[in-house]
Amino acid sequence: MIADILLSQKYYMDKVINSSKFIERELKLINTKLVKVITGIRRSGKSLFIYNYLKDKKFAYVNFDDDRILKYSAEEIYKGLLQAYNLFDIILFDEIQNLENWEIFVNRLYNQDYDIYITGSNSKLLSKELSTHLTGRAISFTLFPFSFREFLKAKEFKINTYEDYERIKGLLREYLEYGGFPEIVVNNEDPHIYLKELYDRIINVDIIYRYKIKYSKTFKDISYYLLSNISNNITYNSIKKNFNLGSDHTASKYLYYLEESFLFIFLNNFSFKLKEINKSPKKVYTIDTGFYTSLGYKVLPDNIGKLMENIVAIELFRRKSYYNKNLEIYYFKDYQQHEIDFLIKEGNNIKQLIQVSYINNYDEIDKREIRSLLKGYNLFNKPELLIITWDYEDTKIIDNINIKFIPLYKWLLNNSYIKII
Numbered sequence: 001m002i003a004d005i006l007l008s009q010k011y012y013m014d015k016v017i018n019s020s021k022f023i024e025r026e027l028k029l030i031n032t033k034l035v036k037v038i039t040g041i042r043r044s045g046k047s048l049f050i051y052n053y054l055k056d057k058k059f060a061y062v063n064f065d066d067d068r069i070l071k072y073s074a075e076e077i078y079k080g081l082l083q084a085y086n087l088f089d090i091i092l093f094d095e096i097q098n099l100e101n102w103e104i105f106v107n108r109l110y111n112q113d114y115d116i117y118i119t120g121s122n123s124k125l126l127s128k129e130l131s132t133h134l135t136g137r138a139i140s141f142t143l144f145p146f147s148f149r150e151f152l153k154a155k156e157f158k159i160n161t162y163e164d165y166e167r168i169k170g171l172l173r174e175y176l177e178y179g180g181f182p183e184i185v186v187n188n189e190d191p192h193i194y195l196k197e198l199y200d201r202i203i204n205v206d207i208i209y210r211y212k213i214k215y216s217k218t219f220k221d222i223s224y225y226l227l228s229n230i231s232n233n234i235t236y237n238s239i240k241k242n243f244n245l246g247s248d249h250t251a252s253k254y255l256y257y258l259e260e261s262f263l264f265i266f267l268n269n270f271s272f273k274l275k276e277i278n279k280s281p282k283k284v285y286t287i288d289t290g291f292y293t294s295l296g297y298k299v300l301p302d303n304i305g306k307l308m309e310n311i312v313a314i315e316l317f318r319r320k321s322y323y324n325k326n327l328e329i330y331y332f333k334d335y336q337q338h339e340i341d342f343l344i345k346e347g348n349n350i351k352q353l354i355q356v357s358y359i360n361n362y363d364e365i366d367k368r369e370i371r372s373l374l375k376g377y378n379l380f381n382k383p384e385l386l387i388i389t390w391d392y393e394d395t396k397i398i399d400n401i402n403i404k405f406i407p408l409y410k411w412l413l414n415n416s417y418i419k420i421i
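According to UniProt numbering, the sequence shown holds residues 1 to 421 in order.
Derived by calculation from the structure, the hints in this document are not laboratory data. There could be a bad hint or two in this list.
Below, a list of computed lysine-lysine pairs in the DSS-like style, where the Cα atoms sit at most 25 angstroms apart [unchecked claim]:
| no. | residue 1 | residue 2 |
| --- | --- | --- |
| 1 | 21 | 153 |
| 2 | 404 | 345 |
| 3 | 275 | 298 |
| 4 | 253 | 214 |
| 5 | 273 | 351 |
| 6 | 279 | 298 |
| 7 | 382 | 325 |
| 8 | 333 | 240 |
| 9 | 273 | 169 |
Please take these sequences and the hints and turn them into a complete structure.
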């Protein structure tokens, strides 16, 4: 009976909440009657985040990742909720993209004055349906794996002494290597086993099965290729040629699937012309650096720089999602090969240019990175210039222009460096 299934789901989640160490997340929800949609990669903590948020309220819960539910229609599920719960005016739908025509169901409940929360692991699938039946009736949030601040909170780590500053660099290496998925950080799950299983689930079930991808091995090879090339530039044409795809369109479609599942984020090269932005090579980043190491790549001196850059990229997108949705994040590379890792734009203004470099003192810096920042300073109307390092901090005046150097751990702990709080 469906009511029994729903109650068993609620019992399971209550048990998880009561037995889990809950880490307060930085994402803050807005108190509104709009449908609240929380997206993010699988196991980033969406369900626990919302469940904990609602725990002192009377709410009903449905988990659509439970195959026992999927054989029932939306109407049967609603009747089951009425049977399972005596009084409720709030409903939490977990992984709702698994229910066919879910947006029509939610729209009807919204019209009945229910306060609705939705989680989903597929950004574009949700946004497509939100734009058809729930336009103006929903607000979206994205929850990422733990930030470094949340990671340290989970480790119950506080900085009080000089020795703590030294230890924090060891914890940063751990964060670089194993990432920030809550179950790894809080419950000490084996990161290699956990992340390999999660990666396979997303690739095989959420993408290949859902979209009926015929050449599954080729698709998997492309995903591995992207992981091995984090922080590097790629093009649809290079993917097409390297994997003998039929067209750039197929390459574009495959990358679209990987991005909408939150496995990867792709960054465009900045231009004042929209057409050039859209056709530019893209820089690729994985949502969590733990995926990189769990699939066989080691943290070595020659790749730690690109892992640092990946961490910065995801933190920038996390800050955009949590604090300032008006931020636009790009990289910049001109025809003279001046390259800047991150260009931060808000409205019509370019606010900040960021380089990421694995250095411990000024003499180790690649002077091309400084030249590129100085070029960008004059080109983009004097934005703030920042170089994120491993363990070097200073402010240098070069050609009468200030360049700040800050260690990665400090930048991760203090998000005022992007002027968003």
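Evaluated hints:
Distance restraint check for residue 21 and residue 153: the Cα-Cα separation of roughly 11 angstroms lies within the 25 angstroms cut-off, and the hinted pair is therefore satisfied. This hinted pair checks out: residue 404 and residue 345 have alpha carbons roughly 18 angstroms apart, not beyond 25 angstroms. Our distance criterion of 25 angstroms between C-alpha atoms is broken by residue 275 and residue 298, whose separation comes to about 38 angstroms. As the CA atoms of residue 253 and residue 214 are separated by approximately 13 angstroms, the hinted pair is consistent with the 25 angstroms bound.
Pair hint residue 273 plus residue 351 holds up; C-alpha atoms about 18 angstroms apart against a cutoff of 25 angstroms. Under the criterion of a C-alpha separation no larger than 25 angstroms, the hint pairing residue 279 with residue 298 is inconsistent with the structure, at around 33 angstroms. Pair hint residue 382 plus residue 325 holds up; C-alpha atoms about 23 angstroms apart against a cutoff of 25 angstroms. The hinted pair formed by residue 333 and residue 240 meets the criterion: a straight-line CA distance of about 23 angstroms does not exceed 25 angstroms.
A C-alpha spacing of about 41 angstroms is found between residue 273 and residue 169, which places the hinted pair above 25 angstroms, so the restraint is violated.
In this structure, the earlier hints numbered 3, 6 and 9 are contradicted, and the remaining ones agree with it.
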